[in-house]
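Line by line, the protein sequences give chains Z and E.
Numbers 1 to 75, taken from our numbering, label the letters of the first sequence in order.
Numbers 1 to 419, taken from our numbering, label the letters of the second sequence in order.
Just so you know, these hints were derived from the structure itself, not from any lab.
From a predicted model like this one, the values you see are computed outputs, not experimental measurements.
Backbone N, C-alpha and C fix where the C-beta goes; we use that ideal spot for every residue, glycine too.
There may be inaccurate statements among the hints.
Under the rule of at most 16 angstroms between Cα atoms (straight-line distance), these lysine to aspartate or glutamate pairs were calculated in the EDC-like manner [unchecked claim]:
(1) E:Lys41 - Z:Asp31
(2) E:Lys148 - E:Asp177
(3) E:Lys294 - E:Glu387
(4) Z:Lys58 - E:Asp126
(5) E:Lys41 - Z:Asp62
(6) E:Lys255 - Z:Asp62
(7) E:Lys349 - E:Glu408
Example chain Z residues on the side facing chain E (calculated, C-beta under 7 angstroms, incomplete) [what the hints assert, rightly or not]:
(8) Ser17
(9) Pro18
(10) Phe19
(11) Trp21
(12) Arg23
(13) Arg27
(14) Ala30
(15) Phe38
(16) Leu39
(17) Ile42
(18) Asp45
(19) Asn65
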Amino acid sequence: MITKVKDLKTWSDGEISPFAWQRIMFRHLADFRETGLFLQNIKDDTILEQKILEKINKSYFDVYNIKLPNHLFAN
Amino acid sequence: MNNLNGTFLPNRNAYIAEQEPMILHCHHYNTFLQASLEDTKSYLPIYPILIDSARDIVYLQLKNHFIINQIKTINEKLQIASDFFSFCGFGKADLSKLTPDGGNIVCIAEHYSTGWLDKFVPRKLDEPNVSFFASGYFSGAFEAIFDKNQGQYKTTQTKCITKGDEFPCFEITLNHDILNHFDSPQEGVFNMFEPYDCSKDAINADAIKLALVQMPIMGNHKNGLIEAFGVFLTRMYANYYCLISYRTLQKLKEKMGEDGVALGSKLLTEAGHVCAFNTFGGIMKSTEWSGLIKPMIKSKEDWVYGIVAVVNAFGWGQWEVLELIPNTKLVIKITSGYEANSYLKMYEKSEYPISFLATGGVAGIMNLIYNGDISQNPELNETYYQEIQRSKHCFESKQTYCRAKGDEFDIIEAILKNQ
Chain Z
1 MITKVKDLKT
11 WSDGEISPFA
21 WQRIMFRHLA
31 DFRETGLFLQ
41 NIKDDTILEQ
51 KILEKINKSY
61 FDVYNIKLPN
71 HLFAN
Chain E
1 MNNLNGTFLP
11 NRNAYIAEQE
21 PMILHCHHYN
31 TFLQASLEDT
41 KSYLPIYPIL
51 IDSARDIVYL
61 QLKNHFIINQ
71 IKTINEKLQI
81 ASDFFSFCGF
91 GKADLSKLTP
101 DGGNIVCIAE
111 HYSTGWLDKF
121 VPRKLDEPNV
131 SFFASGYFSG
141 AFEAIFDKNQ
151 GQYKTTQTKC
161 ITKGDEFPCF
171 EITLNHDILN
181 HFDSPQEGVF
191 NMFEPYDCSK
201 DAINADAIKL
211 ALVQMPIMGN
221 HKNGLIEAFG
231 VFLTRMYANY
241 YCLISYRTLQ
251 KLKEKMGEDG
261 VALGSKLLTE
271 AGHVCAFNTF
281 GGIMKSTEWS
291 GLIKPMIKSK
301 EDWVYGIVAV
311 VNAFGWGQWE
321 VLELIPNTKL
331 VIKITSGYEA
341 NSYLKMYEKS
351 EYPISFLATG
361 GVAGIMNLIY
371 NGDISQNPEL
381 NETYYQEIQR
391 SKHCFESKQT
401 YCRAKGDEFD
411 IIEAILKNQ
């Protein structure tokens, strides 16, 4: 499964709010950096690795009580 | 005796309580701002920032108050700290049983706890408890009351209603860790403005400001919360917002460089937008608005002038409409804005605009009036907020002049996002 930033943003904007993705990114700035991703390099077609998707999934649950759908993240 | 509840200074639009500016803000702003800052928890020491900022401010304020007014008995000092906590809408806490060794506090209610449950999902059991501000307040108050130095008491929240407990509870103990502490910027670097005679304008801004300043906005006797305009209000320390925001941005810059500052700034601005939507919106739907301001309103534009007049009673400095193009653009000039006042005292100069609350707030005014239509009395809920955010008529704003960058005043412009 390949999940791009754009797919996640579209889902997040539609299901939660246009600012939800920004809050999640803010939570994971350090995790993005660990994988060599800086904010200015995160583009719509950036592919998100499984490891960071796991963390993002947990954050969506912690903050918004919602989990990523199967087409974006397979548990 | 010097009144700790504060005095409104009409030539600065500021409430000053023993050298601390106090400003009106709602639980939507308070909890959204805290939640956004907590998002940095995996890589920044955010919890000490949230707690110690309150402690540093309260310590200095109460210490000064006790010295200036020659208040010497412990019981009287404890009562003052407890009364001020309730007056400001922070909640109700009985401090009378505490000793110099500390003790336990059970709050009947506490603003961040009640506010969080109203706005967000309950906190997870593995998360820290929610009341960082209150924890800092109690530590700072105790250090001032028992004549200790900053950092000599530690407050731990032991029960939290956002996790299912009945009441917020705290334990105060003597602290032996060495903690960093800072002095509050107090009144900061403020400006004064010349009063403008608006008695002949359609919206009599002075009359509105005077009426609001005289309203008895204070915590109720039962639980110490301020329920007004459909929100939980606080008379919060302006410097608390500034300290937690600017200290976090400073840490973000050290750790994450410009990435952190850019994203952090957006979220701080969004907190201001959330605040405007809920507080300004709540006010424009209130009976007070209907009685005091609506009779003056002849056009949609008057809604803008009316809410700006209201803002000038919040202690946020002087807001003035420089330009208003219906459905298109709003330009607001701010003199002595609390964000710049505090920033200039803390850091002297900024490389980037720092009036985040004001920036979000100006876009919020336009979105309430020209994107949504507050005159039609909509229900102000999350669904309506998202509808406004997703609309093609959504406004966004930017700060074009910034006192903290060296300009004479702040100017914020709101324009259509898709222009």
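Against which earlier hints does the structure fall short, listed by number upward? 3, 6, 11, 17 and 18
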